[in-house]
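**Student:** Protein chains in written order, with the working numbering: chain V, 1133 to 1376; chain G, 1133 to 1376.
Watch out, some of these pointers could steer you wrong.
Since the list can't tell identical chains apart, any single copy or any two copies may satisfy a pair.
Said to hold, decoys possible - SDA-like cross-link-like pairs, simulated, lysine to any residue; straight-line CA separation at most 20 Å: (1) 1340 x 1353; (2) 1238 x 1182; (3) 1238 x 1341; (4) 1309 x 1281; (5) 1246 x 1146; (6) 1238 x 1215; (7) 1340 x 1148; (8) 1238 x 1369; (9) 1238 x 1267; (10) 1238 x 1355; (11) 1246 x 1309; (12) 1340 x 1214; (13) 1246 x 1227; (14) 1340 x 1237; (15) 1309 x 1353; (16) 1238 x 1220; (17) 1246 x 1359; (18) 1246 x 1225; (19) 1246 x 1148; (20) 1238 x 1255; (21) 1309 x 1232; (22) 1309 x 1269; (23) 1246 x 1147; (24) 1238 x 1153.
For the record, the hints were derived by calculation from the structure and aren't laboratory data.
Number of protein chains: 2
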Amino acid sequence: MPACDVREKPMEINNIQTDAEFSPAERDAVYRCIFNRRDVRGQFLADPIPDQVLARLLNAAHRAPSVGFMQPWDFIVVRDPVVKQRVHDSFQAANLEAAGMFEDEKQRAYRRLKLEGIVEAPIGICITCDRNRTGPVGLGRTHQADMDLYSAVCAVQNLWLAARAENIGVGWVSIIKHDDLRAALGIPASIQPIAYLCVGHVTHFLQKPELEAAGWLPRMPLSDVVWIDRWHEREASDPLLECL
Amino acid sequence: MPACDVREKPMEINNIQTDAEFSPAERDAVYRCIFNRRDVRGQFLADPIPDQVLARLLNAAHRAPSVGFMQPWDFIVVRDPVVKQRVHDSFQAANLEAAGMFEDEKQRAYRRLKLEGIVEAPIGICITCDRNRTGPVGLGRTHQADMDLYSAVCAVQNLWLAARAENIGVGWVSIIKHDDLRAALGIPASIQPIAYLCVGHVTHFLQKPELEAAGWLPRMPLSDVVWIDRWHEREASDPLLECL
């Protein structure tokens, strides 16, 4: 199967990865992907995504870490324009409410932003979390019950990065009520929607995140959020700070 | 600064990424990273992590997507053996409780598992979420309030993948009470801990996830969790299914 060509190497000796070392070039490709991934809203092309490529993206998501190896996710691939329109209508309703929550100048700025590409993107992918997939007690969830939700978020991020490496854009739509999304996609009440993603080829990728470029909020310096051994504590002379 | 050498390319024309295309080799490196990332518990080496490398990992986390460009995360880098021991004590207490929640054979299997490398790993990193970082109303959180937590989880996954590309192992410890973690690291009640990560070089990376290899749970076929247009619906003849 064509989707298999980039899976992990098949060699297995005592369950140890052979040839495990990443080269500097491979490392740089991973960083380039992390730094050049963008939340795409306005640059989608109608070009179809080949099923083999889409399968690779879904497989990347499926290889996310999951608490207790629970794999709590499902993936609903949305192609039907009628379904996309229903999702878009739900976004519109929520976005009107949302705009009203901001004051004055911030509200005007908010209304100028394009925040989704639901209809334009050729594919939507809804990632969900089945909180009871492996029964009432889960390894790693005994003291942090939300770890299953976090596992599904890791699947989102894996898919997003894989898409960037495939030169495909992804946008995460969160301005939508979960119950509206459930209604649009027939998701039962017992299942938690995590993300609705717009997925497609793009005219271009932006250099800076749109909200940064639009002046919505600035990029924080990394050195503002790194601490040593205790919250909000560190020596000014700590050599790590020099490297940030 | 040495940490800069793998950041995004500095060229910027109208906020568009130039030379944006990923090559097949770069794409394959990203997939290799996604597929070969492991949750490391028992293979840590004491070798120190150079500050330049650690800074790259933190920068990768900081470049995660965040809802409304909120960047809600902080990173507490734990080096002090006394602090690590305190975190480990909290894990131990929770893990004893956790084992008692499983029945019979599953409990015996649980007790055989090594689930953390808190003391052995040279570095711990606690990633937190400041839910009020940008005020009471946040873009993208008006209808899904937990998007800030999910942003911080994306930072975890970015760091985890960057670490794999640096040939460094990461293990996520979730069998610990948040309040114990707050106490160990001086985190205020208003801040939500997201992840405590054990970070270090390793003797080897495992081919299969430990819980899969130990028979705790099987890997689900991807085709069991992919649907088209609606929850649990799809045509058996859909060509996407052939590619999974």
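**Student:** Please go over all the hints and tell whether each is borne out by the structure.
**Tutor:** Hints, verified against the model:
Proximity of residue 1340 to residue 1353 under the C-alpha cut-off of 20 Å is restricted to the intra-copy arrangement: shortest distance 15 Å within a copy versus 37 Å between copies. When the C-alpha separation of residue 1238 and residue 1182 is checked against a cutoff of 20 Å, the pair qualifies neither within a copy, at 40 Å, nor between copies, at 43 Å. In the homo-oligomer, the alpha carbons of residue 1238 and residue 1341 lie at most 20 Å apart inside one protomer (18 Å), although the nearest pairing across protomers, at 47 Å, exceeds that limit. Taking the shortest alpha-carbon separations for residue 1309 and residue 1281, both the intra-copy value of 17 Å and the inter-copy value of 17 Å come in at or below 20 Å.
Taking the shortest alpha-carbon separations for residue 1246 and residue 1146, only the inter-copy value of 18 Å comes in at or below 20 Å, while the best intra-copy value is 51 Å. Proximity of residue 1238 to residue 1215 under the C-alpha cut-off of 20 Å is found in neither arrangement, the shortest distances being 32 Å within a copy and 43 Å between copies. Taking the closest pair of Cα atoms, residue 1340 and residue 1148 come within 20 Å of each other only across two copies (8 Å); inside a single copy the shortest separation is 39 Å, beyond that limit. For the identical chains of this complex, residue 1238 and residue 1369 are neighbours neither inside a copy (39 Å) nor across copies (49 Å), given an alpha-carbon limit of 20 Å.
Taking the closest pair of Cα atoms, residue 1238 and residue 1267 come within 20 Å of each other only across two copies (12 Å); inside a single copy the shortest separation is 45 Å, beyond that limit. Proximity of residue 1238 and residue 1355 under a CA criterion of 20 Å is satisfied in neither setting, with 27 Å inside one chain copy and 44 Å between copies. Taking the shortest Cα distances, residue 1246 and residue 1309 sit within 20 Å of each other inside one copy (18 Å), while across copies they are farther apart (40 Å). In this assembly of identical chains, residue 1340 and residue 1214 lie within 20 Å of each other by CA distance neither inside one copy nor across copies; the values are 33 Å within and 41 Å between.
Within a single copy, residue 1246 and residue 1227 get their C-alpha atoms as close as 11 Å, which meets the 20 Å cut-off; across copies the closest is 47 Å, which misses it. In this homomeric assembly, residue 1340 and residue 1237 never come within 20 Å of each other (Cα to Cα): the closest approach is 22 Å inside a single copy and 53 Å across copies. Taking the closest pair of Cα atoms, residue 1309 and residue 1353 never come within 20 Å of each other, the shortest separation being 33 Å inside a single copy and 30 Å across copies. In this assembly of identical chains, residue 1238 and residue 1220 lie within 20 Å of each other by CA distance neither inside one copy nor across copies; the values are 23 Å within and 45 Å between.
In this assembly of identical chains, the alpha carbons of residue 1246 and residue 1359 never lie at most 20 Å apart, being 36 Å within a copy and 28 Å across copies at closest. With identical chains, the CA atoms of residue 1246 and residue 1225 are at most 20 Å apart within one copy only, with a shortest distance of 15 Å there and 49 Å across copies. For the homomeric pair residue 1246 and residue 1148, the shortest alpha-carbon distance between copies (17 Å) is at most 20 Å, but the shortest distance inside one copy (47 Å) is not. Neither within a single protomer nor between protomers do residue 1238 and residue 1255 lie at most 20 Å apart by alpha-carbon distance, with minima of 31 Å and 41 Å respectively.
For the identical chains of this complex, residue 1309 and residue 1232 are intra-copy neighbours only, at 16 Å inside a copy versus 38 Å across copies, given an alpha-carbon limit of 20 Å. Taking the shortest alpha-carbon separations for residue 1309 and residue 1269, only the inter-copy value of 16 Å comes in at or below 20 Å, while the best intra-copy value is 29 Å. For the identical chains of this complex, residue 1246 and residue 1147 are inter-copy neighbours only, at 16 Å across copies versus 48 Å inside a copy, given an alpha-carbon limit of 20 Å. When the C-alpha separation of residue 1238 and residue 1153 is checked against a cutoff of 20 Å, the pair qualifies neither within a copy, at 48 Å, nor between copies, at 35 Å.
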